[in-house]
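Novice: Residue-level listing of the chains:
Protein chains: 2
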Amino acid sequence: MIDYRLLQAMAAVLEQGGFEKAAQALNLTQSAVSQRIKQLEQQLGQPVLIRSLPPRATALGQRLHNHLQQVRQLEAGLELSANPDDLIIRITVNADSLDTWLPAALVLNTYPLLRFEVSVEDQAVGLRRMKQGEVMACLCASADPVNGGAVIPLGVMRYRALASPEFIQRYQLSAGESAHLQQAPCLVYSRDDRLQHQFLADVAGIEPLYTHHLPSSEGFIRAACAGLGYGMMPELQVRPELEQGLLVDLVPGYSLDVPLYWHYWQMESPVMETLRHSVVTAARQALY
Amino acid sequence: MIDYRLLQAMAAVLEQGGFEKAAQALNLTQSAVSQRIKQLEQQLGQPVLIRSLPPRATALGQRLHNHLQQVRQLEAGLELSANPDDLIIRITVNADSLDTWLPAALVLNTYPLLRFEVSVEDQAVGLRRMKQGEVMACLCASADPVNGGAVIPLGVMRYRALASPEFIQRYQLSAGESAHLQQAPCLVYSRDDRLQHQFLADVAGIEPLYTHHLPSSEGFIRAACAGLGYGMMPELQVRPELEQGLLVDLVPGYSLDVPLYWHYWQMESPVMETLRHSVVTAARQALY
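Heads up: the protein sequence lines correspond to chains A and B, in order.
No gaps in the numbering here: position 144 of the first sequence is 144 in the UniProt record's numbering, and each next residue is one more.
No gaps in the numbering here: position 177 of the second sequence is 177 in the UniProt record's numbering, and each next residue is one more.
Everything labelled a hint here was simulated from the structure, so no lab data went into it.
Errors might be hidden in some of the hints.
[Unchecked claim] Partial list, computed: chain B residues near chain A (C-beta under 8 angstroms):
| hint | residue |
| --- | --- |
| 1 | ALA95 |
| 2 | ASP99 |
| 3 | LEU113 |
| 4 | GLY219 |
| 5 | GLY227 |
Quick reminder that beta carbons are idealized off the backbone N, C-alpha and C, glycines included.
Same shape as in the complex, but just chain A (with noise of 0.2 angstroms):
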């Protein structure tokens, strides 16, 4: 069986990324855990960790890290397990989420004693992650399952095309013509963001000329209320927009559905089962 000390150590100098960090996180001197991962890279003959700012896991590493954490999970299922650092989820999940229905389902009373390591990523670096083995669930717009992953399709998030009265009446956009369109300036949350470009070709088969980037979902809403540009926003986000009016449609009846997925691991510990059961029951109140 594996040494799960030596693993430990390893996972220690990424998580907490360096030695001399992972050292204080579990009480040991720094030449201590360099020893037990020299220790684990003799017993398997090959690299763990390649030794940069912060230090990376080589693809062994990766794989093995994977594996400690899911059986952390395991363990934090029985319950003996007292030290919160066994308890940490890290999942990575799409910003418009993170930003509106996602947060109530991480709250799992039944373990009060979990920790949430939450990144914001595009889908494709979210499932890389995910295969990689750094973390243990991925909410995106793809339905493709990764190897030994699953998924499970949480309904579909609802994006209108938006701005300010003011703008629409500054760049003429209340005639639909496809010129004024084109001219009017547009958010865009970052170079992977498509929708507004998707919303251009549906009504006018055309593409965005002027575009401002703006990583941020709720600044995004906040520059398109002071009429910075338009964009595509999700419908449960600017509920208060649009009944005050500070937000009005571009294109009356038009929205683009975008559906969100769950994946989660085949081996799946409570904890994970505990959670995709949370995360499905608040898409279904929030989502289509």
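Following the hints, put chain B in place on chain A, whose structure we already have.
Specialist: Coordinates of chain B only, in the frame set by chain A:
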């Protein structure tokens, strides 16, 4: 004088993230783009690009890129240019400003064709990107200007330690006992976010035991409302939640003030000066 056609080729490779996309953006063949960059490097006797994926600028390339952006913005001030690529303003800001008061400051009616590329970085990274010429301005909590840069104070962002009433009851936090406070799960934005640590040190001289990492200002607030944890939140961003009683103070009367500064280049183009005035005006209205 520098041959700006060559500089533009270099800038396009950096901004588009590759030779092929740069060629498309400039309406040139890929080999013409490569040739121009080689010619630039021959003239200077040094490389300007590192041929990685995506290509990166050498130190010299960074200085030239920064210079080109200054020239573009000076040209934009002449209002002769019709090329939207000349009007991109890259700035880096803190997440909480982007989610609250900053977007309104980006609407500059005198420059309707400007395009913003906003990135969210922690302070150290933001200032480094400014030094490297990747951004024209940086909004952060550091008062120390970079070499050749200037700095203007914007006011302070006030943070309060907040949680949902249910959370306060569940973890018995109303009596203010430090043991209870230490056991209660704490939300942090990222490893660099020390506001919660500061709060616990101030009120009880302790460190948080259980932290959740949620890298989104708005997700942070949604998580606090759902009862996942407590955390330090900008007063500016939680007015509705405070009014509706969804969030309440952990320690009434306690707040933490974080000063914010606008970093800009001493040699400032007219458009950057206009932006600076707009940012200062918006900050004076929103901040303390």
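Novice: With reference to the structure, classify each hint as holding or not holding.
Specialist: Verification of the supplied hints:
{"no.": "1", "hint": "ALA95", "result": "6 angstroms, holds"}
{"no.": "2", "hint": "ASP99", "result": "4 angstroms, holds"}
{"no.": "3", "hint": "LEU113", "result": "7 angstroms, holds"}
{"no.": "4", "hint": "GLY219", "result": "4 angstroms, holds"}
{"no.": "5", "hint": "GLY227", "result": "5 angstroms, holds"}
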